[in-house]
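Line by line, the protein sequences give chains B and Z. Those letters in the first sequence? Residues 1 to 460, by this note's numbering. Those letters in the second sequence? Residues 461 to 920, by this note's numbering.
None of these hints come from the bench; they were simulated from the model. Think of the CB as a built atom: it goes at the ideal place given N, C-alpha and C, for glycine as much as any other residue. Among the hints, a few may not be true.
[What the hints assert, rightly or not] Here are the simulated DMTMM-like pairs of lysine to aspartate or glutamate, each with C-alpha atoms no more than 25 Å apart in a straight line:
no. : chain 1 : residue 1 : chain 2 : residue 2
1   : Z       : Lys683    : B       : Asp245
2   : Z       : Lys881    : Z       : Glu675
3   : B       : Lys356    : Z       : Glu717
4   : Z       : Lys683    : B       : Glu270
[What the hints assert, rightly or not] Output of the computed footprint for chain B on chain Z, the stretches with three or more beta carbons under 8 Å from beta carbons of chain B:
no. : segment
5   : 681-689
6   : 764-772
7   : 792-805
[Claimed, not checked] Using C-beta positions, here's what the derived DEER-type ranges look like:
no. : chain 1 : residue 1 : chain 2 : residue 2 : range
8   : B       : Glu199    : Z       : Pro656    : 28 to 34 Å
9   : B       : Glu199    : Z       : Glu805    : 47 to 53 Å
10  : Z       : Glu766    : B       : Val289    : 31 to 37 Å
11  : Z       : Lys478    : B       : Ala127    : 51 to 57 Å
2 protein chains.
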Amino acid sequence: MTSQDHVRNEIVALIDRKDLVTLKKYLQPWLPMDLAPLIADLPVEELAALFRVGSQELDATIFTYMPIEAQKKLLKMLTQDQAAALLNALPPDDRTAFLNELPLDVAMQMLAMLSPGERQVAQALLAYPEHSVGRMMTLDFVAVRPEWTVREALDYIREHGHDRETLNIVFAVDAGGHLIDDIRVRRFLLSPLDRPVSELLDGNYTMLAPTDDREKALQLFQKYDRVALPVTDESRKLIGIVTVDDMLDVASEEATEDIQKLGGSEALDEPYTTIALSRMVKKRASWLVVLFLGEMLTATAMSYFEDEIAKAVVLALFVPLVISSGGNAGSQAATLVIRALALGEFRLRDWWRVMKRELAAGTALGLILGLIGFLRIAIWSLFSDTYGPHWPLVASTVGLSLVGIVLWGSLMGSMLPLVLKRLGLDPATSSAPFVATLVDVTGLIIYFSVAYLIMRGTLL
Amino acid sequence: MTSQDHVRNEIVALIDRKDLVTLKKYLQPWLPMDLAPLIADLPVEELAALFRVGSQELDATIFTYMPIEAQKKLLKMLTQDQAAALLNALPPDDRTAFLNELPLDVAMQMLAMLSPGERQVAQALLAYPEHSVGRMMTLDFVAVRPEWTVREALDYIREHGHDRETLNIVFAVDAGGHLIDDIRVRRFLLSPLDRPVSELLDGNYTMLAPTDDREKALQLFQKYDRVALPVTDESRKLIGIVTVDDMLDVASEEATEDIQKLGGSEALDEPYTTIALSRMVKKRASWLVVLFLGEMLTATAMSYFEDEIAKAVVLALFVPLVISSGGNAGSQAATLVIRALALGEFRLRDWWRVMKRELAAGTALGLILGLIGFLRIAIWSLFSDTYGPHWPLVASTVGLSLVGIVLWGSLMGSMLPLVLKRLGLDPATSSAPFVATLVDVTGLIIYFSVAYLIMRGTLL
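The whole structure should be built from the sequences, with the hints applied where relevant.
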């Protein structure tokens, strides 16, 4: 039994004994993020009992760290009043994320439970597009006026800061609430108390719009090393903030999306271990079928060369080897270029620089593989008769077409993500399997054309 | 001309005119992270001139945001004294990262330029393994004693906090410097000034060891939503801190590594756009050659079926289609499992759950593709004679072997990362091309075995 099981059993025992005083004391030293995974798979009655014990604030925090399925189950078990209290106590950004996962009718019922003020906030946040900054922002920030002294600002913070998401960054606003600057709290801590806040400003700040994509927010956080960024409306009025802890989640989710697409399926948008099998099969099947239909062209292409294969069956032996090498080279190039694009290492207008690199790299890689292929057939033929008396022709065909196919694969792999991006599509769509499929078809044509040129009059 | 070019030209003009007073004023409103990319590709003489203008502190900050190549160039142009001043002013963690990129002899010369105190720090940090917490930590933290009042602590911070990396988290230590707790600065801001620091402690903290891998640090930051975490030695003495801004970089670098490996090359460890072509070819060639050698087994496998191909050339036509479908299914499964492993969604001992999922998903996907393959040949045969009078046998062979190969690919793709992890290797090594290559060879055997069973006595 692990220590986690032990803790869980202890909690269950206390709930069953209805010893709520001891339970409360037992839970006290736990951090919400440690407690949440422990209790997430408790039977739902016990989960609900547990949520009736803690303080409203603690309940709300634990709730935000629970997986969505447990959240849904739990909310169903609570009474109307309990559910309303919990929903009203949730931080606005976490509440937005939760409501977004619910069917529309349930979300509407939940909205109706909120106090008028909180409801207005929730509706405003939900109106922003998914994956936008507006969906992740919180309205609980601290704003001070530049005319105040540091002492006045600190007094204000002491009075009003309790329910604010972060005090690491304080914002300076004018009388109309328009953003003037952001101030790291260290400046307050390091300045004499009678200095005016205006002398703490450096005029250097970055802001987000609520409609910005979360990827843009991530890039700004990475560039400016901030722990929070302000969100402003069109008139530069400060309407919310985004904090860095959410950015670590965004970075992880965006990477997951890209990685899953690169592997040749749609992004699952749910954990692999818990997504319903039917939904997973659907997301994987769509791309597999597209790739399959594309790959059917290889059968068509091969049928054009049926006579050649019949005359020289030896040609067929190397088809998988030759075309897969093109696919592998293409996968490499596509992946490297897609990641470089995602990291903002170059722009579309630099495509020519990328192409030059891949021309050089593809040629070098093609020569390496072509030479190995040639030697493989040559050396084999010294000891066996598998490839017949015309083995030098076979070896040359394989070697030469490898040079062409690997070069071609590298070029296709590197240019395709750029073309997709130019068309406004996600470059990560040009996954390794997608590029491999494209290169397979063209690779066959290159291979059999080279064979025709080299073997005409002898084997063909 | 973009506005960036404009700014750069302005800076160059001021340097050329040696109008250093105006230059200094012109640079003043810029943030170091915005300035660094603008000036990184200036001619090195002008870069050096620029670095003689600014304050030592500003220079050091700009330096940390410049790419490594520009850093190296610049340092060569500075006088011994200037270089020493710059190196001594660098934050210890950024200095460690810079020294790490240099050849050993140059790094040693740089170390010799440091003041005895800074040298000791640098040597200690460099002694930790690459990608360890020790390499990224900074020693500039603020520690207070629990006996102090909030007022005393704030006074101490005001006096000693200026050169500290962050004041967002303050650490409580005992007389021996051992960590007692971490305290978010908000608690200081929200508490009455005469309260003792000991009443601000909640006993909940997480700490890192300097030898921990940076991935572990990233996971803790994600879990606990902190902006800084303490690093302690074996006796729990506080020796440094790691801050969240470095974690965004770690998240991005770790994702890049995984993505590049998944694409079938070694991790480049350098930006795609600036890595030397020879180094990139080397990193890509190694895996391409391994895959090529593996794929050679397809030629060997095919040669065993040479007689079958000679008798029924039609079989060869579908080889690329059939084996690539297995590879695609395998790529999908491998990528999903590798990402789920990286996110800690399941553990190795849950392999059976993964296998059950893939058995079900692989069968479903195989049936879908098998059916499409069967129909493709059947429908085609209604209108043409490409596949001869025995087309039902061909269609059955392709359809049935697709079911088997797609299922097999899904199983291989999902289990291989787990096997690699079990062996202590990086699961991301089982890249899409790697899995595809493995599945190609076994796929051929499945395909020709199914063909033999179905066509024996007729076509074969």
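How the hints compare with the structure:
no.: 1; hint: Z:Lys683 to B:Asp245; in the structure: 9 Å, holds
no.: 2; hint: Z:Lys881 to Z:Glu675; in the structure: 16 Å, holds
no.: 3; hint: B:Lys356 to Z:Glu717; in the structure: 24 Å, holds
no.: 4; hint: Z:Lys683 to B:Glu270; in the structure: 18 Å, holds
no.: 5; hint: 681-689; in the structure: holds (count 7)
no.: 6; hint: 764-772; in the structure: holds (count 3)
no.: 7; hint: 792-805; in the structure: holds (count 10)
no.: 8; hint: B:Glu199 to Z:Pro656: 28 to 34 Å; in the structure: 32 Å, holds
no.: 9; hint: B:Glu199 to Z:Glu805: 47 to 53 Å; in the structure: 50 Å, holds
no.: 10; hint: Z:Glu766 to B:Val289: 31 to 37 Å; in the structure: 32 Å, holds
no.: 11; hint: Z:Lys478 to B:Ala127: 51 to 57 Å; in the structure: 56 Å, holds
Hint check: no violations occur; every hint is consistent with the structure.
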